[in-house]
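Asks: Sequence:
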Amino acid sequence: MMKKLNQYIVLFLWVVLFLYFYDMVMPKGIFYFIVGIPVLFLSAIYILKMFGHSKDVRS
1 MMKKLNQYIV LFLWVVLFLY FYDMVMPKGI FYFIVGIPVL FLSAIYILKM FGHSKDVRS
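Mapping of the sequence shown onto the numbering used here: position 19 corresponds to residue 19, and the numbering continues sequentially without gaps.
Worth flagging that the hints you see were computed from the coordinates, not collected in a lab. Incorrect hints may appear among the rest.
In silico SDA-like pairs for lysine to any residue, Cα to Cα no more than 20 Å straight-line [as the list claims (entries may be wrong)]: (1) K49 to I9; (2) K28 to L40; (3) K3 to W14; (4) K3 to S43; (5) K4 to Y32.
Simulated DEER-style distance windows between Cβ atoms [said to hold, decoys possible]: (6) N6 to P27: 31 to 37 Å; (7) M1 to K28: 37 to 43 Å; (8) P27 to M2: 38 to 44 Å.
The beta carbon of each residue, even a glycine, is placed where N, CA and C say it ideally should be.
Model the full assembly from the supplied sequences, consistent with the hints where possible.
Replies: Structure (structure tokens):
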């Protein structure tokens, strides 16, 4: 229970910090979404794998 809670806290903090700094650095436009969404998706999968989830993180 506590490990799962820590996982989601770390994931939430990462997303908030990433979006905060990404918004400061990246110019607005179509590349804002083309770069931001895949980076967030891949980093979320990596964080979930770090906390011991299997290869299929969707379940």
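Asks: Where does the structure disagree with the numbered hints, that is, which hint numbers, in rising order?
Replies: 5
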